[in-house]
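Asks: Add chain B to chain A, keeping to what the hints say.
Number of protein chains: 2
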Amino acid sequence: MQIEAVDLFYLSMPEVTDEVDGSQDALLVRVRAGGLEGWGECEAAPLPSIAAFVCPMSHGACRPVSASVLGETIDTPADISRIAARVEYDSMDLLQAPHTFSGVEMALWDLLGKKHSVPVWRLLGQSRSHPKIPYASLLFGDTPEETLMRARKARADGFNAAKFGWGPIGRSAASDDDEQFVAAREGLGSDAHLMVDVGQVFGDDVAAAAARLRGLEAARALWLEEPFHAGALEAHAQLAARCQRVRIAGGEAAHNVYMARHLIDYGAVGYIQIDCGRIGGIAPATKVAEMAVAAGVTYVNHTFTSHLALSASMQPFAGLEDHRICEYPAAPKDLAVAITSNHITRRGNGTIIAPEAPGLGVAIDVERIRPYLVETEITVGKQVLYRTPVL
Amino acid sequence: MQIEAVDLFYLSMPEVTDEVDGSQDALLVRVRAGGLEGWGECEAAPLPSIAAFVCPMSHGACRPVSASVLGETIDTPADISRIAARVEYDSMDLLQAPHTFSGVEMALWDLLGKKHSVPVWRLLGQSRSHPKIPYASLLFGDTPEETLMRARKARADGFNAAKFGWGPIGRSAASDDDEQFVAAREGLGSDAHLMVDVGQVFGDDVAAAAARLRGLEAARALWLEEPFHAGALEAHAQLAARCQRVRIAGGEAAHNVYMARHLIDYGAVGYIQIDCGRIGGIAPATKVAEMAVAAGVTYVNHTFTSHLALSASMQPFAGLEDHRICEYPAAPKDLAVAITSNHITRRGNGTIIAPEAPGLGVAIDVERIRPYLVETEITVGKQVLYRTPVL
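Residue numbers (the numbering used here), protein chains in the order written: chain A, 1 to 391; chain B, 1 to 391.
Looking at chain A on its own, in the form it has when it is part of the complex:
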């Protein structure tokens, strides 16, 4: 098949707030080839990602992503590798390129799965899709009481795992944070998995992060996520060395396989969290999952938008029985829910599995997302380089 069209759609809630909730907008990618359609989703910042797809070439190693994709043939996984290698080399100097290509790559896998009538995880060489324990991603409350209520609600909603993030953590005394951790554990009950995400709040201040370890250990947190700037490998390793049972988690910012590998090798993380919408798509994420197995580290997806992104993010580790924890968008905005007409729902025992249907196994609900479409136009010189395509 030849790639005939790659169309990008910028969707947004009518109002976007400064809450750290990534489900407030979306960039969907539709790829058409051989009478089939594949869909993918880029994580964050729709406009710069559109620009990286359509921009004029700056020079031979700074070409738009489109130059490596349009008109290419796509019949086997090897074709996706070839296209990905071309993007990596020819768009070497275009920083945004991996984010843009991530959505395109997902769509190529979806297309290929549909062509061969198999789920993507099977194309990736995995023989079955194992159940995962979805965790609810929640924000800490402003007070421990609020956090307690949110934790109780998550448990009442049937979640056996929850991650609390951001909010006041790291912004006042460590003892205040301890109270938050106690509240989260109390609300979840003793048998649920508790994780904590502090959104890089400690920069590279190891002592400040370490001051929270006692409280995290006491609350039996499984991991402490993103204590530092994603590049602060030494700080990650130093903090990891001071942990008893809690592990350091990170990796969502990785925009290539090397960055994830360095977090494992030099940063000593215990959980490597990959966003398929940033790292370049499903194939590089699968490479990281293989590295994680080899290094004795646990692979986790990073996903907080639609079930299209969720399905894509489950493919790389669907076949890894022992890597069971899975980020699950627990309370996404209406837009993110509207993107797919079917959803990856929790089963009786609370677990979820990657779809068995061909491709990514989710259908795009074109009619429901139409109201969220943001008409966008980019003109350079006298030429319209981008205008929202017909959905």
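Hint data in this document are derived by calculation from the structure and do not stem from the laboratory.
The beta carbon of each residue, even a glycine, is placed where N, CA and C say it ideally should be.
Fair warning: there could be bad hints in the mix.
[Unchecked claim] To give a feel for the contact side, a few chain A residues facing chain B, derived at Cβ under 8 Å:
1. H255
2. H262
3. T351
4. I353
5. V374
6. I378
Replies: Positioned in the frame of chain A, the structure of chain B alone reads:
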């Protein structure tokens, strides 16, 4: 002073080819505050960098660069640090942000230097500006004969150092490459510095790169630049361990200080090459220069566009007497020459120095660049987010 306006200007040659020559387009940044003007330049991909400045917020950790800059006060270097930290944190999920902010940051230093009537290198705490040996950046010819001619011409043009890059290297047998290295050395003469840049052609194939070491050592090359993907730290270190006199160079892709540090600490490079138009500007580049001194590694600028970019790139290591080699755009396109009305010219002994004049010490030639201006417009929803400002 309060930052009143940040204006971005997309400039381009009438025709852009796939030659790996970064001087074919430019993104200039003009910052206005307190009746003064500062100028900076972002490296590569003008359109995505404009988009990263003006895009709507996706969520609290994915804000446009403009949100951290416009309306801020700017009186001292500490103000630049504060703004940079805000961009880093609030635009954490916007991959293109460091490239965009790089040009803004340069302009802020230029502005501050003008306000205090001192060159930027003095604001950075350096007591004098030491002479540098400029090297001509050239492409290998298709044949050794062509390379020989180019090397002879560089020498005739007064260069005592030259770097040859890209072209056929790594694309056929190692013995073919050896002939190219011999030709380059012959053309330059025995007393000039010779450097070789292979533009990541070996991916992460250490054996393939190592097969070129004998030829590089025989030609007395000072460094082998970017043998691998910028993230392939292990490959860099493995190759470095196999070198005798030649050193590995890299770092141009670093979009934060950590990436440069890892090339030094884990990649074992001997030369760390920083592009101020990518790493976030002059202050993070200066941090890398300090790291290089501490680690016994040599700092080198990466610059192949205008003398505005060249001046900015010289500031971080102007005061380092022993870090003498300096990339110098030897044959830039007319656009890059037109950007400044004064230039950093070679003196009698062939060396150059960072300007003594206030700020970055170069003046923008508004009339000469006007013909290169590319009118650009970005509309999202019904709102025009960007339209080329009045130059």
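Asks: Next step is simple, just say for each hint if it's right about the structure.
Replies: Status of each hint after checking the structure:
Satisfaction of the interface hint for H255 of chain A is found here, the shortest Cβ-Cβ separation to chain B being roughly 6 Å, below the 8 Å cut-off. Hint status for H262 of chain A relative to chain B: holds, with the closest Cβ pair at about 7 Å, below 8 Å. A hinted interface residue such as T351 of chain A counts as satisfied when its beta carbon comes closer than 8 Å to some beta carbon of chain B; here the least separation is about 28 Å, so the hint is violated. For I353 of chain A, the interface hint is violated, the least distance from its beta-carbon to any beta-carbon of chain B being 28 Å, above 8 Å.
Of the supplied interface hints, the one on V374 of chain A holds, with its beta-carbon coming within about 6 Å of a beta-carbon of chain B, less than 8 Å. Taking 8 Å as the C-beta contact cut-off toward chain B, the hint placing I378 of chain A at the interface holds, the least distance being around 5 Å.
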